[in-house]
Amino acid sequence: MTLLTDVAPRPSALGTVGAPTKLVVVVALGVLCAVSSSRVVLASVAAVGALALVAARPVWRRLGGLVVWWGVALGVTLALQWLTRDLAVAATSGLRMAALCLPALAVMASTGPEELLDTVLRALRPLRRVGLDTGTVALAVALTVRFVPELVRHVHTLRDAQRARGLRPSVLVTIPLLVRCLDRSRTLAEAVVARSFFDRSDDG
Amino acid sequence: MAEPGPTGFRPSEPHLAGGLARRSDKGRLEAGTAATTPPARPRGDAQPGQHRRVNAELVRARAVAEVALFAAVIVALGMVPSVYAFGLAVPVTAQTLGVMLAGAVLGAKRGTASVAVVIVLVVASLPVLSGGRGGIGVLTSPTGGFLLGWLPAVFVVGLVARRALRLPPRARVCGLVGACLLGGVVVDYALGVPWWSVVTGQDLALTAAQAVAFLPGDLLKAVLAGVAAAAVHTQVRLDHMYPASHG
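Going down the list, the protein sequences come from chains A and X. One point on numbering: in our numbering, the residue at position 80 of the first sequence is 80, and numbering is uninterrupted. One point on numbering: in our numbering, the residue at position 221 of the second sequence is 1221, and numbering is uninterrupted.
These are calculated hints, taken from the structure and not from any lab test. Just so we're clear, the structure is a prediction, and the values are computed from it rather than from any experiment.
Chain A regions said to be covered by chain X (calculated; three or more residues, Cβ under 8 Å): (1) 22-32; (2) 68-79; (3) 98-104; (4) 126-140; (5) 149-163; (6) 173-184.
Counterexamples of contact, computed for chain X against chain A with all Cβ distances above 10 Å: (7) Leu1148; (8) Arg1170; (9) Val1212; (10) Leu1215; (11) Pro1216.
Computed beta-carbon distance windows for the label pairs: (12) X:Ala1211 to A:Arg163: 31 to 39 Å; (13) X:Pro1168 to A:Ser38: 57 to 65 Å; (14) A:Arg125 to X:Ala1208: 38 to 46 Å.
Yeah, the Cβ is synthetic: ideal placement off N, Cα and C, and Gly gets one too.
Here chain A stands alone, though its shape is the one from the complex (with noise of 0.2 Å):
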């Protein structure tokens, strides 16, 4: 149960775009699709979408949560709109949502994990004005990943715990899980501490 398992991409033609761009036509797309309420704009970026997402072959085990969440929330939203309103309204809403789905689909399917966490790390690099070191955030990041596995295992052998007590699992589970975390961050801290990561006053 970790959070990398995620497979590769496949190698597609809009594999070699870079990520940056892709990202930025996204968000781009996306608020032209929320001020736009025109349906030919909306039916032409849910076309470029769809081909987009063609040509980049998705592995459609990754990207399958969220389409059926998509596809839940395409069903209910059009039947409401239906009863409430028209048909015409309701197909606007279809095409804004397929507009909004497909091309970040694409993006999603044609780029790996590692490639956007770059471009996301890159693009905070002039945060470094404010006093936000993009070394930090990297280690707070990996950190995050680090953790994760270790602290489902936490929940279970809490909620384990809370069983064999003859309880009934609940929410409750966090308290003493937070106090765990908190006091392994301590020793956490020291470990980074003690491999001299903030040092970087001898070095220069």
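Given the coordinates of chain A, work out where chain X should sit on it, guided by the hints.
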């Protein structure tokens, strides 16, 4: 830091005092610490510079570790199968609980940082949201606003929670629950519902009516988060949450 902590530890012995050496009998303490650790840098008022630098690094490393661990808590709470709150039949995904807890336990800055780390992981297509979802396609989906709304939400929770911690114990629980309600429900919905309405093209009123279906669960989570945060604060002391310990 010079005040005795919750354990009642009092720096009476110079060699135990370490970073706590800032008491009235200054001369004696300074002499004691200087004898054990030769200062590597020009000396400040009370401690050798070496100590202070390591302490500053430790504070920073703790902040990063706390941020990372709470980001991991938010992710982990989404990965474990839904939990049943107080015997209710409806399972509650605990992820927003994690967000409110991050604010109520870590405060505004660190809480916001841990939510930001989660959002970075979402953009990187890692399956960090409940149901193994992730990717930029979540942000453009109808519920994307609730996800981005976590950022201002956790900030507000943290701001209010830090003030709530100054209150006496009974009022403190109420204050923390209030912080979670204000941030986790009011602020989050204030961004999430309009976003939902824009993405689906529905009227704001119709969308708000749909959002009401999620309200009971979120109210319950806010209460749970507030109570749990109060319990955590009685067991672990986080120095940065108490204004007196700053500086």
